[in-house]
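**Student:** Positions 1 to 254 (my numbering) are the ones given, in order, by the sequence shown.
Warning: the hint list may mix true and false statements.
As the list claims (entries may be wrong) - Capping the alpha-carbon separation at 30 Å, the derived lysine-lysine pairs in DSSO-like fashion look like this:
| id | residue 1 | residue 2 |
| --- | --- | --- |
| 1 | Lys64 | Lys52 |
| 2 | Lys119 | Lys76 |
| 3 | Lys20 | Lys192 |
| 4 | Lys76 | Lys33 |
| 5 | Lys127 | Lys33 |
| 6 | Lys10 | Lys192 |
| 7 | Lys76 | Lys178 |
| 8 | Lys193 | Lys220 |
| 9 | Lys10 | Lys62 |
| 10 | Lys122 | Lys20 |
| 11 | Lys221 | Lys59 |
| 12 | Lys20 | Lys127 |
| 13 | Lys178 | Lys59 |
| 14 | Lys59 | Lys20 |
| 15 | Lys20 | Lys33 |
| 16 | Lys20 | Lys10 |
| 17 | Lys33 | Lys220 |
| 18 | Lys52 | Lys20 |
| 19 | Lys20 | Lys126 |
| 20 | Lys192 | Lys178 |
| 21 | Lys52 | Lys17 |
| 22 | Lys17 | Lys76 |
| 23 | Lys76 | Lys122 |
| 24 | Lys126 | Lys62 |
| 25 | Lys119 | Lys192 |
| 26 | Lys17 | Lys193 |
| 27 | Lys119 | Lys178 |
| 28 | Lys221 | Lys52 |
| 29 | Lys193 | Lys122 |
| 30 | Lys59 | Lys33 |
| 31 | Lys192 | Lys33 |
| 32 | Lys192 | Lys122 |
| 33 | Lys220 | Lys64 |
| 34 | Lys126 | Lys10 |
| 35 | Lys59 | Lys220 |
| 36 | Lys192 | Lys52 |
| 37 | Lys221 | Lys10 |
| 38 | Lys62 | Lys178 |
| 39 | Lys126 | Lys76 |
| 40 | Lys126 | Lys178 |
None of these hints come from the bench; they were simulated from the model.
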Amino acid sequence: MDNVVNPIIKIEDISYKYTKDLVLEHVSLEIPKGAFLAIVGPNGSGKSTLLKLLLGLFKLQKGKIELFGEDIRRFKAWQRVGFVSQKANSFNSGFPATVFEVVQSGLTKKIGLFKFASKEDKSRVKKALESVDMLGYQNRNIGELSGGQQQRVFIARSLVSEPELLILDEPTVGVDSKNVHQFYEMLEMLNKKLGITLILVTHDVGTVTDKVTHVACLNKKLHFHGDACEYNELDEVELSSIYGHGVQFLNHDH
Numbered sequence: 001m002d003n004v005v006n007p008i009i010k011i012e013d014i015s016y017k018y019t020k021d022l023v024l025e026h027v028s029l030e031i032p033k034g035a036f037l038a039i040v041g042p043n044g045s046g047k048s049t050l051l052k053l054l055l056g057l058f059k060l061q062k063g064k065i066e067l068f069g070e071d072i073r074r075f076k077a078w079q080r081v082g083f084v085s086q087k088a089n090s091f092n093s094g095f096p097a098t099v100f101e102v103v104q105s106g107l108t109k110k111i112g113l114f115k116f117a118s119k120e121d122k123s124r125v126k127k128a129l130e131s132v133d134m135l136g137y138q139n140r141n142i143g144e145l146s147g148g149q150q151q152r153v154f155i156a157r158s159l160v161s162e163p164e165l166l167i168l169d170e171p172t173v174g175v176d177s178k179n180v181h182q183f184y185e186m187l188e189m190l191n192k193k194l195g196i197t198l199i200l201v202t203h204d205v206g207t208v209t210d211k212v213t214h215v216a217c218l219n220k221k222l223h224f225h226g227d228a229c230e231y232n233e234l235d236e237v238e239l240s241s242i243y244g245h246g247v248q249f250l251n252h253d254h
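Throw the hints in and build the complete structure from the sequences for me.
**Tutor:** Pasting the structure below:
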């Protein structure tokens, strides 16, 4: 993207390797405030590594990352960043907690581990649940919900601290295929109505392009980064060259 003013994330020439083989190679990327970016690519393309670098879980080996205009090595305001992993696929369904309690746990750093939530804190929990259409389930045990419902609760848990940036790693893992479209519609609403900048890592190729504003194709190197409309204009030959194999387009509307 050209002429990005004050990007919320600025990645400059980062490379990363676990042993001698690079998993990320000279990746540069700018993400503006209010964007909904889908990062797509095959298995082993470096998507998860990039996320861990953005979340400060891995230390940079080469290059630079800025969050909200600050070098990530000095960045401390992590309450401005929410993260949702593939929890729905591995969550312990016997965990004894209500939906309300799970979302409220997202305020632990603010409230304190053994302190009571204020009226304002409880209002935040309800607001977060309402934003993902799960307020009616607040008293249900988290283990009683479907995978898709659980993932919505985990998103609410991230939203309760009112982050400006929300990063989601394969959030539809464990979500029934017939509910995937509704799930992406919910993410689109969070982006458009709440103004939250979203980064979505997904294996889906053609599923979310009508919801996101931008797409980045990653396969160790950044092969494409632009508007979703520009991505939709790529043909199967161009996409297959990025993925290293044939690409089949999927549409969850049908």
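**Student:** Next, verify each hint and record whether it holds.
**Tutor:** Structure-based check of each hint:
Simply put, Lys64 and Lys52 have alpha-carbon atoms about 14 Å apart, close enough for the 30 Å limit, and the pair holds. Among the hinted pairs, Lys119 with Lys76 is consistent with the structure: their alpha-carbon atoms are about 27 Å apart, no more than 30 Å. Under the criterion of a C-alpha separation no larger than 30 Å, the hint pairing Lys20 with Lys192 is inconsistent with the structure, at around 42 Å. The hinted pair formed by Lys76 and Lys33 meets the criterion: a straight-line CA distance of about 19 Å does not exceed 30 Å.
Distance restraint check for Lys127 and Lys33: the Cα-Cα separation of roughly 22 Å lies within the 30 Å cut-off, and the hinted pair is therefore satisfied. This hinted pair checks out: Lys10 and Lys192 have alpha carbons roughly 22 Å apart, not beyond 30 Å. With a C-alpha separation of about 40 Å, the suggested pair Lys76 and Lys178 falls outside the 30 Å cut-off, and the hint is violated. For the suggested pair Lys193 and Lys220, the alpha carbons sit about 33 Å apart, so the restraint of at most 30 Å is broken.
Proposed proximity of Lys10 and Lys62 is supported: the alpha carbons are some 14 Å apart, at most 30 Å. Between Lys122 and Lys20, the direct Cα distance comes to roughly 49 Å. Violation of the 30 Å bound is thereby established for this hinted pair. Taken as a hint, the Lys221 and Lys59 pair is honoured in the structure, with Cα atoms around 19 Å apart against an allowance of 30 Å. For the proposed pair Lys20 and Lys127, the alpha carbon gap of about 47 Å is over 30 Å, so the pair is violated.
As the CA atoms of Lys178 and Lys59 are separated by approximately 39 Å, the hinted pair breaks the 30 Å bound. The suggested pairing of Lys59 with Lys20 holds, with an alpha-carbon distance near 17 Å, which does not exceed 30 Å. This hinted pair does not check out: Lys20 and Lys33 have alpha carbons roughly 35 Å apart, beyond 30 Å. A C-alpha spacing of about 26 Å is found between Lys20 and Lys10, which places the hinted pair at or below 30 Å, so the restraint holds.
A hinted pair counts as satisfied when its Cα atoms are at most 30 Å apart, and Lys33 with Lys220 qualifies at roughly 25 Å. Restraint check for Lys52 and Lys20: the C-alpha separation of about 19 Å stays at or below 30 Å, so the hint holds. This hinted pair does not check out: Lys20 and Lys126 have alpha carbons roughly 48 Å apart, beyond 30 Å. With a C-alpha separation of about 23 Å, the suggested pair Lys192 and Lys178 falls inside the 30 Å cut-off, and the hint holds.
Between Lys52 and Lys17, the direct Cα distance comes to roughly 13 Å. Compliance with the 30 Å bound is thereby established for this hinted pair. With a C-alpha separation of about 25 Å, the suggested pair Lys17 and Lys76 falls inside the 30 Å cut-off, and the hint holds. Taking the CA atoms of Lys76 and Lys122, the gap is about 26 Å. The hint holds against a cut of 30 Å. Restraint check: the Cα-Cα separation between Lys126 and Lys62 comes to about 42 Å, which exceeds 30 Å; the hinted pair is violated.
Taking the CA atoms of Lys119 and Lys192, the gap is near 28 Å; set against the 30 Å cutoff, the hint holds. At roughly 38 Å between alpha-carbon atoms, Lys17 and Lys193 are farther apart than 30 Å, so this suggested pair is violated. In summary, the hint linking Lys119 to Lys178 is not supported, as the alpha carbons are separated by about 37 Å, beyond the 30 Å threshold. At roughly 16 Å between alpha-carbon atoms, Lys221 and Lys52 fall within 30 Å of each other, so this suggested pair holds.
A distance of roughly 22 Å separates the Cα atoms of Lys193 and Lys122; the hinted pair therefore holds under the 30 Å criterion. Distance hint between Lys59 and Lys33 is fulfilled; the C-alpha atoms sit about 24 Å from each other, no more than 30 Å. Distance hint between Lys192 and Lys33 is fulfilled; the C-alpha atoms sit about 12 Å from each other, no more than 30 Å. Under the criterion of a C-alpha separation no larger than 30 Å, the hint pairing Lys192 with Lys122 is consistent with the structure, at around 25 Å.
Restraint check for Lys220 and Lys64: satisfied, since their Cα atoms lie roughly 17 Å apart, inside the 30 Å limit. As the CA atoms of Lys126 and Lys10 are separated by approximately 33 Å, the hinted pair breaks the 30 Å bound. The hinted pair formed by Lys59 and Lys220 meets the criterion: a straight-line CA distance of about 17 Å does not exceed 30 Å. Under the criterion of a C-alpha separation no larger than 30 Å, the hint pairing Lys192 with Lys52 is consistent with the structure, at around 26 Å.
Restraint check: the Cα-Cα separation between Lys221 and Lys10 comes to about 16 Å, which is no more than 30 Å; the hinted pair holds. Distance hint between Lys62 and Lys178 is unfulfilled; the C-alpha atoms sit about 42 Å from each other, more than 30 Å. Using a Cα cut-off of 30 Å, the hinted pair Lys126 and Lys76 holds, with the two alpha carbons roughly 27 Å apart. A threshold of 30 Å between alpha carbons decides the hint, and for Lys126 with Lys178 the separation of about 27 Å falls inside it, so the pair holds.
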